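Hey, can you work out the whole structure from these sequences and the hints?
There are 2 protein chains.
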Amino acid sequence: MELLKKKIVEEGVVLSDQVLKVDSFLNHQIDPSLMQEIGRAFANRFRESGVTKIVTIESSGIAPAVMAGLELGVPVIFARKRKSLTLQDDLYTEKVYSFTKKEESEVSVSRRLLSPIDRVLLIDDFLANGEAALAMARIVEQASANVAGIGIVIEKAFQNGNSKLKEKGYQVESLARIASLKSGFVEFID
Amino acid sequence: MELLKKKIVEEGVVLSDQVLKVDSFLNHQIDPSLMQEIGRAFANRFRESGVTKIVTIESSGIAPAVMAGLELGVPVIFARKRKSLTLQDDLYTEKVYSFTKKEESEVSVSRRLLSPIDRVLLIDDFLANGEAALAMARIVEQASANVAGIGIVIEKAFQNGNSKLKEKGYQVESLARIASLKSGFVEFID
Numbered sequence: 001m002e003l004l005k006k007k008i009v010e011e012g013v014v015l016s017d018q019v020l021k022v023d024s025f026l027n028h029q030i031d032p033s034l035m036q037e038i039g040r041a042f043a044n045r046f047r048e049s050g051v052t053k054i055v056t057i058e059s060s061g062i063a064p065a066v067m068a069g070l071e072l073g074v075p076v077i078f079a080r081k082r083k084s085l086t087l088q089d090d091l092y093t094e095k096v097y098s099f100t101k102k103e104e105s106e107v108s109v110s111r112r113l114l115s116p117i118d119r120v121l122l123i124d125d126f127l128a129n130g131e132a133a134l135a136m137a138r139i140v141e142q143a144s145a146n147v148a149g150i151g152i153v154i155e156k157a158f159q160n161g162n163s164k165l166k167e168k169g170y171q172v173e174s175l176a177r178i179a180s181l182k183s184g185f186v187e188f189i190d
Numbered sequence: 001m002e003l004l005k006k007k008i009v010e011e012g013v014v015l016s017d018q019v020l021k022v023d024s025f026l027n028h029q030i031d032p033s034l035m036q037e038i039g040r041a042f043a044n045r046f047r048e049s050g051v052t053k054i055v056t057i058e059s060s061g062i063a064p065a066v067m068a069g070l071e072l073g074v075p076v077i078f079a080r081k082r083k084s085l086t087l088q089d090d091l092y093t094e095k096v097y098s099f100t101k102k103e104e105s106e107v108s109v110s111r112r113l114l115s116p117i118d119r120v121l122l123i124d125d126f127l128a129n130g131e132a133a134l135a136m137a138r139i140v141e142q143a144s145a146n147v148a149g150i151g152i153v154i155e156k157a158f159q160n161g162n163s164k165l166k167e168k169g170y171q172v173e174s175l176a177r178i179a180s181l182k183s184g185f186v187e188f189i190d
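These protein sequences, in sequence, are chains W and S.
Okay, so the first sequence: first residue is 1 according to full-length UniProt numbering, each after it adds one.
Okay, so the second sequence: first residue is 1 according to full-length UniProt numbering, each after it adds one.
The hints are simulated quantities; they were obtained by calculation from the structure and are not laboratory data.
It is possible that some hints are incorrect.
[Unchecked claim] Footprint (simulated), chain W over chain S, 3 or more residues, beta carbon under 8 Å: (1) 23-34; (2) 53-63; (3) 66-76.
The model shown is predicted, which means the values in this text are computed figures rather than measured ones.
Beta carbons: idealized from backbone N, C-alpha and C, even for Gly.
Put into structure tokens, the structure is as follows:
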């Protein structure tokens, strides 16, 4: 998605070989028009996938997911993220390990919101090692629903998330794929 | 806003005289079309207010704020919420006391994202005692910017948030104002 790549080049800050900061349009400040274009791009890629619901994780996934939901005409669920969670019967809960923060957290979705007939599109802002997307996919499996696909705004393609998700058989669509952040430069795939 | 009131009556769950749960369209699952209508309603009420930025608090404020930002053509900042925060020079930070959770948390916005020329529309999902909105307003003041107004999706008008905000001189626009949740029923003002 050219508009997104342009924005990353112009406003992204390469903090290290591993970390790209996009606080000015995605992760802290949000560019609503760009989010609308991102929503349309996801909708175009998954329009024939029979999507009935979108699941994302708070907070940075919400804006792109809601715009995709608007385009596809389906509800969006944001999984709640917490450090520790008292076990609650009415929630599907999965652990997510963050390599960036070096801590384990839990994400949860109310059982009432997913049913076996759902075909769920998972959306997230970043794909790195795939831990967050895999946790969302396990929640969908817990509900005996199906993963219709995985939509990623920015993929760090030099990490192994994409291959882990494809090994599981999921269709992964990333709107910007970054080959490298070396020497402070963003190099895209394609 | 009639569409919103209808949704509250049909899908809201009154948990007590004080607590209304709207997890099916705002606080956990999100209805994107309703959010678009909410965004348009906020834009209509603040179109002449010279808004340059919107500030909300993660996570439930993000969807309505992004839709309002799309309509008004301005960026949206979501303040980060944390339990404890190591003091960071590059952040404006304010404390918020939650009467529901009986705990104090902090919200923060990167200094880089607000400047004295900004006229900031504050948006939040709920207004109860006004603590969250007041914390956002103090962040705007820290940046020597101005509050253009406050947009609330659902106001619990039987609590004192609205009068606290109006005492400070802010224009408060709530799309649904709840007079009472007594006996399990939602009673609106107007």
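Results of checking the hints against the structure:
| no. | hint | result |
| --- | --- | --- |
| 1 | 23-34 | holds (count 9) |
| 2 | 53-63 | holds (count 4) |
| 3 | 66-76 | holds (count 8) |
Taken one by one, the earlier hints all hold for this structure without exception.
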